[in-house]
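Starting from the known structure of chain A, arrange chain B on it as the hints suggest.
Protein chains in written order, with the numbering used here: chain A, 1 to 80; chain B, 1 to 80.
Just to be clear, a hint being listed does not mean it is correct.
No copy is singled out in the list; a pair is fine if it fits within one copy or between any two copies.
Okay, derived cross-link-like pairs now, EDC-like style, lysine to aspartate or glutamate, Cα gap no bigger than 20 Å in a straight line [claimed, not checked]:
1. Lys2 - Glu43
2. Lys64 - Glu31
3. Lys40 - Glu77
4. Lys35 - Glu79
5. Lys40 - Asp15
6. Lys40 - Glu72
7. Lys64 - Glu32
8. Lys2 - Glu32
9. Lys40 - Glu11
10. Lys40 - Glu55
11. Lys59 - Glu79
12. Lys40 - Asp73
Hints were generated in silico from the structure; no laboratory data involved.
Protein chains: 2
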Amino acid sequence: MKATVYVTIKENVLDPQGNAVQGSLHTMGFEEVGKVRIGKYMELQLDTNDRAKAEERVKAMCEKLLANTVIEDYRFELEG
Amino acid sequence: MKATVYVTIKENVLDPQGNAVQGSLHTMGFEEVGKVRIGKYMELQLDTNDRAKAEERVKAMCEKLLANTVIEDYRFELEG
Numbered sequence: 001m002k003a004t005v006y007v008t009i010k011e012n013v014l015d016p017q018g019n020a021v022q023g024s025l026h027t028m029g030f031e032e033v034g035k036v037r038i039g040k041y042m043e044l045q046l047d048t049n050d051r052a053k054a055e056e057r058v059k060a061m062c063e064k065l066l067a068n069t070v071i072e073d074y075r076f077e078l079e080g
Numbered sequence: 001m002k003a004t005v006y007v008t009i010k011e012n013v014l015d016p017q018g019n020a021v022q023g024s025l026h027t028m029g030f031e032e033v034g035k036v037r038i039g040k041y042m043e044l045q046l047d048t049n050d051r052a053k054a055e056e057r058v059k060a061m062c063e064k065l066l067a068n069t070v071i072e073d074y075r076f077e078l079e080g
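Only chain A is shown next, with the shape it has when bound in the complex (with noise of 0.2 Å):
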């Protein structure tokens, strides 16, 4: 089974490298560019066909380590 996991800064934290990509495309003539977020992507292979319990697991591995929950939010999916 292989989990993507999508761990983004929340709303109202700053991104200050979001910040950073957004000065240097301006300065490269992409004018149009409005607010840039960034955000980790990750995908993990799990040897496991047990949904329910993949999804508890990932669950707790991105509580754990995944994703800092005080200033990042974050979703998953599963498949295969």
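Chain B only, in chain A's frame:
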């Protein structure tokens, strides 16, 4: 219009960050985790309504700044 960009490390390129996360997850008791690959997830607000033009522009942004096409792949979605 909103663009969502996914940047991932190419299949045959080493991902030390992914390996480190995999090791940490194992240490924490998540032994079912196999390969971990870590990429970037970006959301860009675009001040345009021309979808074809936006597609071309976001492709240029990816090629020039957002992805290192030597070692990374990218894909993006447009909405709105």
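Now the hints, each set against the structure:
Taking the shortest alpha-carbon separations for Lys2 and Glu43, only the intra-copy value of 7 Å comes in at or below 20 Å, while the best inter-copy value is 23 Å. For the identical chains of this complex, Lys64 and Glu31 are inter-copy neighbours only, at 15 Å across copies versus 39 Å inside a copy, given an alpha-carbon limit of 20 Å. When the C-alpha separation of Lys40 and Glu77 is checked against a cutoff of 20 Å, the pair qualifies both within a copy, at 14 Å, and between copies, at 16 Å. Taking the shortest alpha-carbon separations for Lys35 and Glu79, only the inter-copy value of 15 Å comes in at or below 20 Å, while the best intra-copy value is 31 Å.
With identical chains, the CA atoms of Lys40 and Asp15 are at most 20 Å apart both within one copy (13 Å) and between copies (14 Å). Taking the closest pair of Cα atoms, Lys40 and Glu72 come within 20 Å of each other both inside a single copy (10 Å) and across two copies (14 Å). With identical chains, the CA atoms of Lys64 and Glu32 are at most 20 Å apart between copies only, with a shortest distance of 16 Å across copies and 38 Å within one. For the identical chains of this complex, Lys2 and Glu32 are inter-copy neighbours only, at 11 Å across copies versus 36 Å inside a copy, given an alpha-carbon limit of 20 Å.
In this homomeric assembly, Lys40 and Glu11 come within 20 Å of each other (Cα to Cα) both inside a single copy, at 15 Å, and across copies, at 17 Å. Taking the shortest Cα distances, Lys40 and Glu55 sit within 20 Å of each other inside one copy (19 Å), while across copies they are farther apart (22 Å). Taking CA atoms no more than 20 Å apart as the test, Lys59 paired with Glu79 passes inside one copy only; the shortest distance there is 15 Å, against 28 Å between copies. In the homo-oligomer, the alpha carbons of Lys40 and Asp73 lie at most 20 Å apart both inside one protomer (10 Å) and across protomers (15 Å), since each shortest distance falls under that limit.
Violated hints: none; the structure is consistent with every hint.
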